[in-house]
Amino acid sequence: MLFNSVSFLIFFPIVVMGYFIIPEKLKNHWLLIASYYFYMSWQPVYALLILFSTVTTFYCAVLIDKAKNEKQKKLFLAVNIIVNIAILGYFKYFNFIVDSLLAVFPSLGIARNNNLLAVVGISFYTFQSLGYSIDVYRGKVEREKDFLTYALFVSFFPQLVAGPIERSVNLLPQLHKTHKFEYDRVTDGLVLMAWGFFKKLVISDGAALIVNTVFNDVTKYTGIQLVMATFLFAFQIYCDFSGYSDIAIGAANVMGFKLMRNFRHPYFSQSVVEFWRNWHISLSGWFMDYVYFPLGGSRKGKIRTYINLMVTFLVSGLWHGASWNFVIWGGINGLYNVLHRVIFGKKEAQLRRMKKAGQTLPKTNPVIAAVKAAVTFVLIDFTWIFFRANTLTDAVYVLQNMFSDVSLLFTSGYLATALETIGYYANNGTAIMVCIVLMFAVELWEGKCELVDRINRCAKPVRWLFYYAVVLLILFFGYFGQSQFIYFQF
Amino acid sequence: MFKLIKKLLLFAPILLGMIFVSYRVDPSGLFWGAGFERMASEYMLQGIYIDGYERLDGRALNEVYAKNVPQAPQILVNGSSRSMMIDTSFTTGEKTFYNAANIGGDIYDFFTSYYIFSKEGKEPEIFVMGLDAWLFNDYEESYDKRSNKELYYEFIGEELGFENTSYVADNPLDKYTALLDPSYFQGSVKYYFKDKSTEVQPEPVPREAIYEQTEVIKAPDGSVIYDKDFRTRPQELADHDALLTANTESILRLYGFEEISPEYKAQFEAFIQYLQAKDIQIIFFLPAYHPIVYNKITERNDLYHCVPELEAYLRQTAEKYGIQVAGSYDPARSGLTNEDFLDGVHLRQDSIRKVLPVLG
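Going down the list, the protein sequences come from chains A and B. Sequential numbering of the first sequence, starting at 0, is according to numbering that gives the first Met the number 0. Sequential numbering of the second sequence, starting at 0, is according to numbering that gives the first Met the number 0.
By construction, these hints were calculated from the structure, which means they are not laboratory data. Here the structure is a predicted model, which is why all the values come from computation and not from measurement. Note that CB positions come from ideal geometry on N, CA and C, so glycine has one too.
In silico DSSO-like links for lysine-lysine, alpha-carbon gap of 30 Å or less: (1) A:459 <-> B:6; (2) A:179 <-> B:2; (3) A:257 <-> B:6; (4) A:371 <-> A:301; (5) A:179 <-> B:6; (6) B:264 <-> B:319; (7) B:5 <-> A:176; (8) B:174 <-> B:193; (9) B:6 <-> A:447; (10) A:176 <-> B:6; (11) B:121 <-> B:174; (12) A:139 <-> A:447; (13) B:2 <-> A:24; (14) A:257 <-> B:5; (15) B:189 <-> A:219; (16) A:26 <-> B:6; (17) A:355 <-> A:301; (18) A:26 <-> B:5; (19) B:2 <-> A:26; (20) A:354 <-> A:139; (21) A:144 <-> A:179; (22) A:176 <-> A:65; (23) B:2 <-> A:176; (24) B:5 <-> A:459; (25) B:2 <-> A:459; (26) A:257 <-> B:2.
Here are the in silico distance ranges between beta carbons for each label pair: (27) A:392 <-> B:172: 47 to 53 Å; (28) B:10 <-> A:433: 21 to 27 Å; (29) B:191 <-> A:101: 55 to 61 Å; (30) B:0 <-> A:43: 29 to 35 Å; (31) B:10 <-> A:301: 53 to 59 Å; (32) A:114 <-> B:172: 39 to 45 Å; (33) A:114 <-> B:149: 36 to 42 Å.
Build out the structure end to end from the sequences listed, making use of the hints.
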């Protein structure tokens, strides 16, 4: 069941009303049933997988908690990690591994399994489960005693299929609290959901029509057409994923749950490192806590730090998809981070020391900040080519042909014809551009606070102007063809 | 909770605005009919003759007309292009009239051209059935691609009581869901602002010029006036056409006519009983073939034996139900000669007048 479907429009109000009407002790049961129904609406058989992962993790955590010594604890943690990774590995990476092996050793005698289910959201709930068991092992969180509560923690429908990947320390305690209907909180949640729908339906899905035209048949296009598609993909993916996160966080908020923020204006970042602090925060944080730091983080010397960074980003790339494109995408981002450390490491360490000492940090000139943000955007958008291209060959083609028509750009009518060919005008390209600018304006306006807090501080007419504008923009320019969210595939 | 509902109601103007725009503009013609046909119907209801006939979907036009005509036409005609020249001048002028015949009208059109009016509660008093021989030929080539098979199944299933497993009744509320569909709203806005200057639209034709036109004219009563060249063509050309028709591998839509379809016979008789139960007077009109063509029909009994057999059956049926029969497939029987035809299958308007009684 997609958030942008009629089914969800019916499902969500029923779940919310039921949640506030039924007795307190049954609320979690109700949400658990709703969450499984939500998940099973894709494929009923998915429920078996998530149930298996839930049971395994829950009982491994019990065993970790009751283990008599460190060795036993480690053993049970390892069992849980192996089982969960094995499930993830089999369903997500089996064919990728087979294909890669066959490419190198064609006579290996193994075959891909074409009947393998593509399990929606498996990477998300597997990571959430792993995070929980590691937190129990580390003693950061008490193990959950009630199985149904734990099952709800894993399957909580707003964030089940595309995050945010919640930490047990944040979500589990909330599942034990009483949540009553609160007008302000419900409206805050609805506003955030509307903003998420605007990003998804207007910008992301609108841009997708142009992006898909080009990337699904790249060799037909050249120069400015490839540049435009690559540029728009940066917004397609941002608005798709942050839009999903806003809807998820807003939906949880309606019911009284506070999920972690997943995006913090990433395209305003002034460096790639800052970008990764603001993009898919729940996943970046997960990799930091459970991969980068356990590898040694930055505590084992420069070279190990660089290696750890590269490993973390390569794994992150692989997490996104079972394809070499994603590995390369992760690798380039890892390389960016390493280079950033090499070039700006000393300066940033100095700034950190100043901050720690309570000294005033030098202010950045807004023009320089804008230039830095633009450079960061270009660097990141370059990596999106590998992320979006259907094959590595396509990605290489895009890179080779992006600037092939520079000399023609100022020829009369060339640009208009080039854009027309990729469906720019037919798919409201200009309206999408205006909406991207509007989104940036709102993000600038938000500043450091959250959108709903910023809106709540405004006078009533301004608030309603915002609400009406968002609803009307969705109505006039939204795409209602029920497109999938990109991150579902991960 | 009530506070929230009250606040959500503040968005109601947006919803109502969306419904209003979608309903009024109606780009797919769900409520007002397709654009071209809608405009044609508007002209016809104002008594205006129009051109653009070639572009017109006659079936869609009839549906829009049936919806929008304020009162039921008291005299209704169906059939094919062979019946299309029957116009108001065939009546006493005391009753309202509409010719719902369709180009290539097949058995589906035969029923649906009545049903579209009946569905709107607009029953005629007199129903002139243009009975082309191919109506009872169930060979696939006798059907017209443009006819509305679903509507036919609806009629014979729901009104005449014939079971048909392939028919699934439409939910009458389905089209109203479009009013809540934002995509339909977006389509309406786009259509409203679209440059329609390049779109072909039916153009009014002054009444005094209707017989001087070089293209087919649609009259406000649903009949057509063929272009001047066709109406005034030399007789040799008409006869030549008839010869060509007669010598084709098979005369118009009669290929494979080996048996008068028992299924259609049953439906036809049920239809007669259904109409008579509603006190609707029926007239059978059998459009004649050009003598050259009819000679071929009688000569090639192996191919066309069903044509005279059908006429016999129709006459028996008319007698059984007390129905008046006008015309005959055999031109000699009505005293028609070569000069009464525009081609192998179409009678001149004045020649139809020779066989059809004054209506009304």
